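J.: Given chain A, put chain B in place with the hints provided.
Protein chains: 2
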Amino acid sequence: MSKIAVIGYGVVGSGTVELFEKNKASIAKKVGREVEIKYIVDLKEFPDSPYHEKFVKDFAIVRDDQEVEVVAEVMGGLNPAYQFTKQLLESGKSVVTSNKELVAYHGAELLAIAHAHNVNYLFEASVGGGIPIIRPLNKCLAGNTIEEVSGILNGTTNFILTKMIREQVDFETALKTAQKLGYAEKDPTADVEGYDACRKICILGSLAFGRHIYPEMVHCSGITKITTDDVEYAENAGYAVKLIGTVKSVGEDQLTAIVCPRLVSKSSILAAVEDVYNAITVIGDGVGDVMFYGKGAGKLPTASAVLGDIIDALRHKERNLDISWEDTGERDFVISYKQAEVSMYVRIRADKADQLKSALSEMFGKLIFIERAGRPKNELAFITPNMMEEQIDENLTILSHTGDILSKIRIL
Amino acid sequence: MSKIAVIGYGVVGSGTVELFEKNKASIAKKVGREVEIKYIVDLKEFPDSPYHEKFVKDFAIVRDDQEVEVVAEVMGGLNPAYQFTKQLLESGKSVVTSNKELVAYHGAELLAIAHAHNVNYLFEASVGGGIPIIRPLNKCLAGNTIEEVSGILNGTTNFILTKMIREQVDFETALKTAQKLGYAEKDPTADVEGYDACRKICILGSLAFGRHIYPEMVHCSGITKITTDDVEYAENAGYAVKLIGTVKSVGEDQLTAIVCPRLVSKSSILAAVEDVYNAITVIGDGVGDVMFYGKGAGKLPTASAVLGDIIDALRHKERNLDISWEDTGERDFVISYKQAEVSMYVRIRADKADQLKSALSEMFGKLIFIERAGRPKNELAFITPNMMEEQIDENLTILSHTGDILSKIRIL
Numbered sequence: 571m572s573k574i575a576v577i578g579y580g581v582v583g584s585g586t587v588e589l590f591e592k593n594k595a596s597i598a599k600k601v602g603r604e605v606e607i608k609y610i611v612d613l614k615e616f617p618d619s620p621y622h623e624k625f626v627k628d629f630a631i632v633r634d635d636q637e638v639e640v641v642a643e644v645m646g647g648l649n650p651a652y653q654f655t656k657q658l659l660e661s662g663k664s665v666v667t668s669n670k671e672l673v674a675y676h677g678a679e680l681l682a683i684a685h686a687h688n689v690n691y692l693f694e695a696s697v698g699g700g701i702p703i704i705r706p707l708n709k710c711l712a713g714n715t716i717e718e719v720s721g722i723l724n725g726t727t728n729f730i731l732t733k734m735i736r737e738q739v740d741f742e743t744a745l746k747t748a749q750k751l752g753y754a755e756k757d758p759t760a761d762v763e764g765y766d767a768c769r770k771i772c773i774l775g776s777l778a779f780g781r782h783i784y785p786e787m788v789h790c791s792g793i794t795k796i797t798t799d800d801v802e803y804a805e806n807a808g809y810a811v812k813l814i815g816t817v818k819s820v821g822e823d824q825l826t827a828i829v830c831p832r833l834v835s836k837s838s839i840l841a842a843v844e845d846v847y848n849a850i851t852v853i854g855d856g857v858g859d860v861m862f863y864g865k866g867a868g869k870l871p872t873a874s875a876v877l878g879d880i881i882d883a884l885r886h887k888e889r890n891l892d893i894s895w896e897d898t899g900e901r902d903f904v905i906s907y908k909q910a911e912v913s914m915y916v917r918i919r920a921d922k923a924d925q926l927k928s929a930l931s932e933m934f935g936k937l938i939f940i941e942r943a944g945r946p947k948n949e950l951a952f953i954t955p956n957m958m959e960e961q962i963d964e965n966l967t968i969l970s971h972t973g974d975i976l977s978k979i980r981i982l
Numbered sequence: 571m572s573k574i575a576v577i578g579y580g581v582v583g584s585g586t587v588e589l590f591e592k593n594k595a596s597i598a599k600k601v602g603r604e605v606e607i608k609y610i611v612d613l614k615e616f617p618d619s620p621y622h623e624k625f626v627k628d629f630a631i632v633r634d635d636q637e638v639e640v641v642a643e644v645m646g647g648l649n650p651a652y653q654f655t656k657q658l659l660e661s662g663k664s665v666v667t668s669n670k671e672l673v674a675y676h677g678a679e680l681l682a683i684a685h686a687h688n689v690n691y692l693f694e695a696s697v698g699g700g701i702p703i704i705r706p707l708n709k710c711l712a713g714n715t716i717e718e719v720s721g722i723l724n725g726t727t728n729f730i731l732t733k734m735i736r737e738q739v740d741f742e743t744a745l746k747t748a749q750k751l752g753y754a755e756k757d758p759t760a761d762v763e764g765y766d767a768c769r770k771i772c773i774l775g776s777l778a779f780g781r782h783i784y785p786e787m788v789h790c791s792g793i794t795k796i797t798t799d800d801v802e803y804a805e806n807a808g809y810a811v812k813l814i815g816t817v818k819s820v821g822e823d824q825l826t827a828i829v830c831p832r833l834v835s836k837s838s839i840l841a842a843v844e845d846v847y848n849a850i851t852v853i854g855d856g857v858g859d860v861m862f863y864g865k866g867a868g869k870l871p872t873a874s875a876v877l878g879d880i881i882d883a884l885r886h887k888e889r890n891l892d893i894s895w896e897d898t899g900e901r902d903f904v905i906s907y908k909q910a911e912v913s914m915y916v917r918i919r920a921d922k923a924d925q926l927k928s929a930l931s932e933m934f935g936k937l938i939f940i941e942r943a944g945r946p947k948n949e950l951a952f953i954t955p956n957m958m959e960e961q962i963d964e965n966l967t968i969l970s971h972t973g974d975i976l977s978k979i980r981i982l
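Heads up: the sequence lines are chains A and B, in that order.
Take the first sequence: its letter number 335 is residue 905 in my numbering, and every next letter is one higher.
Take the second sequence: its letter number 246 is residue 816 in my numbering, and every next letter is one higher.
These are calculated hints, taken from the structure and not from any lab test.
A hint or two may mislead.
[Said to hold, decoys possible] Chain A is faced by these chain B residues, among others (derived, beta-carbon under 8 Å):
{"no.": "1", "residue": "Ala598"}
{"no.": "2", "residue": "Lys600"}
{"no.": "3", "residue": "Ala712"}
{"no.": "4", "residue": "Ile839"}
{"no.": "5", "residue": "Ile853"}
{"no.": "6", "residue": "Gly856"}
{"no.": "7", "residue": "Gly858"}
{"no.": "8", "residue": "Asp859"}
{"no.": "9", "residue": "Val860"}
{"no.": "10", "residue": "Tyr863"}
{"no.": "11", "residue": "Ala873"}
{"no.": "12", "residue": "Ala875"}
{"no.": "13", "residue": "Met933"}
{"no.": "14", "residue": "Leu937"}
[Stated by the list, open to error] 27 Å max Cα-Cα, derived DSSO-like pairs, lysine-lysine:
{"no.": "15", "chain 1": "B", "residue 1": "Lys836", "chain 2": "A", "residue 2": "Lys836"}
{"no.": "16", "chain 1": "A", "residue 1": "Lys600", "chain 2": "B", "residue 2": "Lys818"}
{"no.": "17", "chain 1": "B", "residue 1": "Lys887", "chain 2": "A", "residue 2": "Lys600"}
{"no.": "18", "chain 1": "B", "residue 1": "Lys624", "chain 2": "B", "residue 2": "Lys869"}
{"no.": "19", "chain 1": "B", "residue 1": "Lys624", "chain 2": "A", "residue 2": "Lys600"}
{"no.": "20", "chain 1": "B", "residue 1": "Lys978", "chain 2": "B", "residue 2": "Lys795"}
{"no.": "21", "chain 1": "B", "residue 1": "Lys818", "chain 2": "A", "residue 2": "Lys592"}
{"no.": "22", "chain 1": "B", "residue 1": "Lys795", "chain 2": "A", "residue 2": "Lys818"}
Fair warning: this is a prediction, and the values are worked out from it, not measured in the lab.
Cβ coordinates follow ideal geometry from the N, Cα and C atoms, glycine included.
Only chain A is shown next, with the shape it has when bound in the complex (with noise of 0.2 Å):
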């Protein structure tokens, strides 16, 4: 018999919590022995639960129970959480989590940890809820030189710019509907200005570059300045907007790591990828290009991840499964996004922009104009070729004069 806990009874850990009980039998199987949540700790009362014997507020008695193999830290927050899991590896516990800050904070030091006291930290939860990543990435396409992972990371996000897409209502409007669905929180912060894809794609880089790319490292912007006209704009280019992070190598040893809205081409499977789903693109040197696609959170979905990482530290007893990266303290390998070659969608407003068109032409060598029905005379909306951020900036000073940027999007 194997004793496991619970921190945390929020969505997550009640998820964790209801999944393992009902499917306790094949989990058995699968483990090789008998398994039971011997605590749950929440500082919260659930009298009425079904499990309330279980519940302890004090984490203490779980970390000094020895019985307690395996915890699952799915409370979320840096603090408490980063000295809880401290305690818990140190203890000779494995711990699992659904805490991206966490991990993209902490993960190369709590790795280190676990590698010293022989236990293991995972974290499939962590990214994309339920869609296995994490393991995939690690080990299937361990054979691989990874040379980028993007994705959509953020379910609330794409819930919002489907939407706006499909019902060509702004993002405002939007919002609250996600909002009222329950899919987008009060305070939507984290979400829509690309916070929490930022610490998904520092975790995904971390882990396929072996470097720790912390959250401050990474270009980030949100989705909250995106228009229906730009909507519009794309739509008629052949395009979708999604919220994409992106860490690729460059050159040598360098990569460049961003999150922001991207233009993405509607034959792309990418684009395929609606409401509040998410999908993960690795491109590797033998593999090509393979994607992960889910619902991207959510009680059962990040359960399940939280679930399938309990079972393989159970399995894993006093075997460290060698996961790991590093942090020398350098910061530098992550380069400015603004030396990044890229392609741009532009809007601008001006007195007679359509005159505008060949001087802007000569700047960039080719522009793709786009239109819309009934677009202003005092707006242009094109798409330049591939060139590095900076030039583009540089091309679009002739502007400043004439006109404003409106919009700059980034081509995936």
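T.: Same frame as chain A, now just chain B:
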């Protein structure tokens, strides 16, 4: 230093050697020690290969060399691969394979032998080329009760169908293009009749549901009878035609397993899987639906999966990974497809076909009739409601005196 061997220097074998040599340094880091290919077994001679000194013709040299830890069996076919694999496992070597036929016919037995000898038999490359699916299904989704696994499992037929849809060419023409591009073999039977997809769905089903499903237990029909007329009707009704393998739990303890062309709604992400790409969807009680997408075949993609397994086998020396399924001899747990509920596209030929509409509607309850430009007066196409397939066939006997059934395609 660990020594490995590769048996079969065809497309996958040469790709495996190529990708291994390219990523040798990072593979050593992941395994925790240097790794070297000691032998390549092939009956042909490759005097100009940079690895010519590694070639041997006698399999027994590999089998009897105590130094060799892991062998990649990438020769394909049942014999002698079956005997070779058995002997290798019995002599304490792990075997990784891309051989879907062998796993589909002898998987349960070979996994049991591996278990008994404390080595591993891994087969990530046998389904979906480089797409990670075996390990995610077995590990990441281990907390779920799996309800269904289905997908586009054959790149050749998906390429042909994509061509037929995009360019409105018939099957024969599309097949010729596929052959010209090297996507289809000279004898395309295994692909176009669905046998290849059938082996893969057997492997996925055996793994997901824990009982060996043999190809003979799976109803299998290919794409040779799909016409451009069907493609056009499907298009007009909002569907694309795809060859889909499905295994699904029904009731308490039974399964349906079938490979056949299906109409896939264009709003589904599976419809966006085009050309030689594969995609596998898994439905679990926790995770909901997840999809795995990528190139389902080819030299380097398949080599990527083989190498991932080699690395995992090297890291789990003398530790069986506990992948297995039962073969109790029972076969009736897979019920006949006729007992399963399905909605069906039907195209018929009959004099004054339109006059049959009301009689047909009465039989089926409600039908959706589909139009196409220039539909002949003696042709009618419709989609039935969801009902037992047996019942659909019975209802269609109404036509036995008045018309012919030209096509029947199940809806996904």
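J.: Against the earlier hints, flag every one the structure doesn't satisfy and list their numbers going up.
T.: The structure conflicts with hints 1, 5, 13, 14, 19 and 22, although it agrees with all the remaining ones.
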